[in-house]
Amino acid sequence: MWVLLVLVVIVGLWVVSAYNGLISLKNQTVNAFKQIDVQLKRRHDLIPNLVNAVKGAMDFERSTLEAVIQARNQAVKVNASGPEAVKQISQAENALSGALSRLLVTVERYPELKATGNIGQLQEELSSTENRIAFARQLYNDTATQYNTKQQQFPTTLVAGLAHAERTDLWEIEDQAERAVPQVDLSRR
Amino acid sequence: MIGFVLFFAWLGFGGDYIWALQGHHPFPWVGILLTTVAIITAWHTYKTGPEKVLWATGAQELIDPQTDAERQVANVVDEMAIAAGIPRPRLWIIPDDDPNALATGHDPRDSHIAVTRGLLKICNRDELQAVIAHELGHVKNLDVRLMTTLAALVGAVLLVREGMGRMMRGGGLPTRGGGGRKGKSAGPLIAILLALWIISWIVAPLVTQLLALAVSRRREYLADAMSAQFTRNPLALASALAKIEGAAAPTTAIRSGAAHLCICDPLGRRLTNSEGWLADRFATHPPMSMRISRLKGMGYAQLKKEGGLPV
Numbered sequence: 001m002w003v004l005l006v007l008v009v010i011v012g013l014w015v016v017s018a019y020n021g022l023i024s025l026k027n028q029t030v031n032a033f034k035q036i037d038v039q040l041k042r043r044h045d046l047i048p049n050l051v052n053a054v055k056g057a058m059d060f061e062r063s064t065l066e067a068v069i070q071a072r073n074q075a076v077k078v079n080a081s082g083p084e085a086v087k088q089i090s091q092a093e094n095a096l097s098g099a100l101s102r103l104l105v106t107v108e109r110y111p112e113l114k115a116t117g118n119i120g121q122l123q124e125e126l127s128s129t130e131n132r133i134a135f136a137r138q139l140y141n142d143t144a145t146q147y148n149t150k151q152q153q154f155p156t157t158l159v160a161g162l163a164h165a166e167r168t169d170l171w172e173i174e175d176q177a178e179r180a181v182p183q184v185d186l187s188r189r
Numbered sequence: 001m002i003g004f005v006l007f008f009a010w011l012g013f014g015g016d017y018i019w020a021l022q023g024h025h026p027f028p029w030v031g032i033l034l035t036t037v038a039i040i041t042a043w044h045t046y047k048t049g050p051e052k053v054l055w056a057t058g059a060q061e062l063i064d065p066q067t068d069a070e071r072q073v074a075n076v077v078d079e080m081a082i083a084a085g086i087p088r089p090r091l092w093i094i095p096d097d098d099p100n101a102l103a104t105g106h107d108p109r110d111s112h113i114a115v116t117r118g119l120l121k122i123c124n125r126d127e128l129q130a131v132i133a134h135e136l137g138h139v140k141n142l143d144v145r146l147m148t149t150l151a152a153l154v155g156a157v158l159l160v161r162e163g164m165g166r167m168m169r170g171g172g173l174p175t176r177g178g179g180g181r182k183g184k185s186a187g188p189l190i191a192i193l194l195a196l197w198i199i200s201w202i203v204a205p206l207v208t209q210l211l212a213l214a215v216s217r218r219r220e221y222l223a224d225a226m227s228a229q230f231t232r233n234p235l236a237l238a239s240a241l242a243k244i245e246g247a248a249a250p251t252t253a254i255r256s257g258a259a260h261l262c263i264c265d266p267l268g269r270r271l272t273n274s275e276g277w278l279a280d281r282f283a284t285h286p287p288m289s290m291r292i293s294r295l296k297g298m299g300y301a302q303l304k305k306e307g308g309l310p311v
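Those sequence lines, one after another, are chains A and B. Note that the first sequence covers residues 1 to 189 in the working numbering. Note that the second sequence covers residues 1 to 311 in the working numbering.
Some clues are possibly wrong.
Here are some of the chain A residues that sit facing chain B, going by a computed Cβ distance under 8 Å [unchecked claim]:
| # | residue |
| --- | --- |
| 1 | Q35 |
| 2 | Q39 |
| 3 | A92 |
| 4 | A95 |
| 5 | G98 |
| 6 | S128 |
| 7 | N131 |
| 8 | Q138 |
| 9 | L139 |
| 10 | F154 |
Please keep in mind that the hints were generated in silico from the structure rather than gathered at the bench. No experiment lies behind these values; they were computed from the predicted model shown. We treat Cβ as the ideally placed atom computed from N, Cα and C, and that holds for glycine.
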């Protein structure tokens, strides 16, 4: 009789702690996802300023700048929600990342541009912005993986239904061009 | 940590137990007194610790970055706080040409990171990122709180021992009763316990110091691993550590009291770089070569997994 009672209490305590652990991870995942949003918003707000700052110096590279602006406006327009949100947002943002990295490459091509203070600052801001987004995604993927693993593992999986735990999508690179490993040919012909 | 608690309980309540065996003082007033003094001292050190550390190094808070290097380090701290998923710590600059960095504070919501000007000068962006990530690893693991508490406890033991020594010399309290009514049967046991207790008091500061150092060294490896987790670039930290080690001059701005908070031993002690039993027990940081080789091991494993290893 006593053994049974103790067993029930132990199981009960375990259910409570497993449930709370899942809920805490769920909220952490949601929060990490919002952090990506915050960083993306920061990037959207920053880009017009940056482009204005270099417009005069880079009049001859108008098309690169316009591509950045266009990709930025596309990304701002995406206002998806629900399970497809991750995919849609990441597609638009990856296009923007591509345009921005082309801009950085273009700047690299003009050493005399880099000499002026503005451009150096621009490069620092851009690489920091890209890093922030990359790290926010990394945190989201790490947290979401932890959450997914937890809810699928035995015995926590028994409580997963109770906590309404569902698999969350990871943030993936959709763009094939971005996934491809750059080929560098250093052989002299 | 368990060792710590047991040791303190033995120091305080062990004396009472021996007394109780002798048939005196059934009320554990020595234990309670010691605990109270220790708590008050520890609490005070804990509360004022971070400010004292930063004040002692002459650090200045970086609020409005002016130069490129300052802007970069401010950005890097923002980025790594995002990667670690903790609020942005306050950033301080130590006007010293030797490369070093330290973290202090109570919890992730109230933490400080300080870097020297020398570090900003010799590190590239990736290395700076790795060093900041190491410090944020300390913050996220609550090492900053642990270390501040450890420092407080070590101080408390020293203080209480001074007081006890004076009291014993003055009154000769423990021997006054000789053997009580119950004491007769437990005579040898009491003598052994009393001897052990007194010896414990004599070696107390040493033991607490050693325990603190052991905790500190393990935490360094952990923070190195956290840095690799945040940046996904263990080799950057390895090269930063090599650079910091290369600049061998001691960081004069940082006193020995804050040594365990830094990324590498600021005193430039030889112990940190030698191996062996003695060095293992007395250094605040593991040997640099060990840390670097572990990081390189991580980097190698990463390359192998990604298939980027040249065959």
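List of violated hint numbers, smallest to largest: 3, 4, 5, 10
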